[in-house]
Each structure stands twice: as structure tokens, then as C-alpha cells.
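Required output: the full structure, derived from the provided sequences and hints.
Those sequence lines, one after another, are chains U and B. Under this note's numbering, the first residue of the first sequence is numbered 1, with each subsequent residue one higher. Under this note's numbering, the first residue of the second sequence is numbered 116, with each subsequent residue one higher.
Treat the hints as calculated values from the structure; they're not laboratory data. Take the hints with a grain of salt, since some may be wrong.
[Stated by the list, open to error] The calculated lysine-lysine pairs, modelled on DSSO-like cross-linking and capped at a C-alpha distance of 27 angstroms, are:
1. U:LYS77 - B:LYS157
2. B:LYS157 - U:LYS114
3. U:LYS22 - B:LYS156
4. U:LYS77 - B:LYS156
5. U:LYS22 - U:LYS114
6. B:LYS129 - B:LYS181
7. B:LYS135 - B:LYS170
8. B:LYS181 - B:LYS157
9. B:LYS157 - U:LYS22
10. U:LYS114 - B:LYS156
11. U:LYS77 - U:LYS22
12. U:LYS58 - U:LYS22
13. U:LYS114 - U:LYS69
[Unchecked claim] Sample of chain B residues with no beta-carbon within 12 angstroms of chain U, all distances over it, derived:
14. SER120
15. SER124
16. CYS128
17. VAL134
18. LYS135
19. THR147
20. LYS157
21. VAL177
22. PHE182
23. LEU191
24. THR195
25. HIS200
Since the structure is predicted, the reported quantities are computational estimates derived from the model, not experimental observations. By construction, the Cβ of each residue, glycine as well, lies at the ideal position given by its N, Cα and C atoms.
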Amino acid sequence: AQSVAQPEDQVNVAEGNPLTVKCTYSVSGNPYLFWYVQYPNRGLQFLLKYITGDNLVKGSYGFEAEFNKSQTSFHLKKPSALVSDSALYFCAVRDRRRNNNDMRFGAGTRLTVKP
Amino acid sequence: GAVVSQHPSRVICKSGTSVKIECRSLDFQATTMFWYRQFPKKSLMLMATSNEGSKATYEQGVEKDKFLINHASLTLSTLTVTSAHPEDSSFYICSARGGGTMKTTDTQYFGPGTRLTVL
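Laid out in C-alpha cells, this is it:
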């Protein structure tokens with residue numbers, strides 16, 4: 001079975017500074033990895049995914065994430081944070097085996113970007 | 116592309132009534148749809164998974180007779196909360212994954228959610 005850990009409940013950064021939201025995963029096979037963002041009272045918006053290929057994945061709104069197989073991590077990063085990036089971020093993993101519908105989410109990390 | 120809509124966005128009902136929530140994939144065919152429940156400041160809890168034309172697969176602890184799921188077409192799934200009680204009050208989010216391009220087969224896309232309040 002797969003699982004995801006987001007070790008930080010809360011991340012605070014100043015506007016203009018780089019941000020990192022951490023995620024580690026556990027999966028028996030090869031993973032599909034995802035990042036989603038949720039604004040208050042809204043559903044989840046897809047940010048980016050790692051399926052195969054380059055370990056550095058670029059996504060929406062200037063976000064990127066690096067797949068690190070040895071460390072089983074998929075940390076979300078952005079070089080320069082904006083106040084509007086403040087939201088709840090979820091990392092998710094799915095086993096790459098065919099027809100696997102079981103996607104597991106982390107507990108979420110609340111990012112606050114202060115002006 | 117890959118837009119999922121949900122209706123209604125917010126519903127308030129009396130205890131004992133039934134509420135139907137619709138989830139539609141607007142620009143792709145959703146071979147698989149998912150229903151989640153989210154409690155305040157918590158992660159998503161998967162309730163059930165449904166494939167078009169098949170019965171839904173419910174997660175352990177989710178009452179299938181209370182949460183009726185119908186995935187009648189490749190673009191529509193409905194969740195009906197039957198005989199709702201205050202403890203059913205929550206944020207319900209649907210998600211869809213589809214056939215077609217890699218964009219929709221690999222990735223789940225989420226609806227905007229439905230806030231259910233049972234008085």
C-alpha cells in the first residue's frame with residue numbers, strides 16, 4: 001500500500017523568498033506523484049505531476065517539484081513566493097501499476113506567505 | 116481542459132431528507148470518478164470509487180446504503196446522501212480521471228466541492 005507524509009503542518013515564508021513544501025512517499029512499485037493546491041472552500045487544483053522522465057517537474061504558477069527516488073521525496077518549490085500562494089497544499093501518490101485507482105493524499109501543509 | 120464541475124456548491128437541508136450532488140467532467144470522458152469527504156483542516160477521505168456503468172466500490176466504513184453513488188455516463192456521477200443527519204455535514208469533493216490523452220488518464224481532476232449542512 002502507498003502512503004504520503006507531509007511533515008510540516010504549516011510553512012511560513014516572506015513574500016519574495018523561496019519556498020519549499022516537503023513530501024515523502026512510500027510505494028511498493030513505481031510512483032505517480034502529484035501536487036494539488038486548495039484555496040478556502042474550494043476543491044483541489046492540480047499543480048504538477050511526476051510520471052516519468054526528468055526528475056525536475058515544472059507546473060502551474062511557477063511551482064516545480066523534484067522527484068528524488070533515493071530519498072523517496074517529492075518536495076514542492078518556488079523560487080519567489082507570492083502572497084497569493086497562501087493556501088493548503090496536498091501531495092499525493094499513486095502506484096503506477098495499471099488500473100490502480102488508489103491515490104493517497106498527505107495530510108496537507110498550510111502555506112502562509114507574508115507581505 | 117480537464118474541468119470538473121460540481122453542483123450545488125452549497126446546500127442546507129433538514130435532518131432526514133436526502134440530498135443529491137452532481138459531478139460532471141466537462142471536457143473529457145471520466146472512466147473513473149471518486150468521491151471524497153473533507154473535514155475542517157483535514158485531508159481528503161476517499162469514500163468510494165466508481166467506474167462508468169459499474170457499481171461503486173466503497174471504502175471501509177462508508178455505508179453504501181447511505182451514500183448512493185451512480186456513475187451512469189462517462190461525464191456524470193451523482194452522490195446521494197440519504198436520510199441526512201447533522202453528522203453528515205461536511206465538504207464533499209468529487210474527482211474524475213479519464214481515458215483519452217495522458218493528461219486525463221494519469222491525473223485526477225477535482226470539482227470545486229459541495230458544502231453540505233444538515234440542520
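These are the hints, each one checked on the structure:
no., hint, verdict
1, U:LYS77 - B:LYS157, "holds (22 angstroms)"
2, B:LYS157 - U:LYS114, "holds (23 angstroms)"
3, U:LYS22 - B:LYS156, "holds (18 angstroms)"
4, U:LYS77 - B:LYS156, "holds (22 angstroms)"
5, U:LYS22 - U:LYS114, "holds (19 angstroms)"
6, B:LYS129 - B:LYS181, "holds (16 angstroms)"
7, B:LYS135 - B:LYS170, "holds (17 angstroms)"
8, B:LYS181 - B:LYS157, "holds (22 angstroms)"
9, B:LYS157 - U:LYS22, "holds (17 angstroms)"
10, U:LYS114 - B:LYS156, "holds (20 angstroms)"
11, U:LYS77 - U:LYS22, "holds (9 angstroms)"
12, U:LYS58 - U:LYS22, "holds (16 angstroms)"
13, U:LYS114 - U:LYS69, "violated (32 angstroms)"
14, SER120, "violated (10 angstroms)"
15, SER124, "violated (9 angstroms)"
16, CYS128, "holds (18 angstroms)"
17, VAL134, "holds (18 angstroms)"
18, LYS135, "holds (18 angstroms)"
19, THR147, "violated (6 angstroms)"
20, LYS157, "violated (8 angstroms)"
21, VAL177, "holds (15 angstroms)"
22, PHE182, "holds (17 angstroms)"
23, LEU191, "holds (17 angstroms)"
24, THR195, "holds (19 angstroms)"
25, HIS200, "holds (22 angstroms)"
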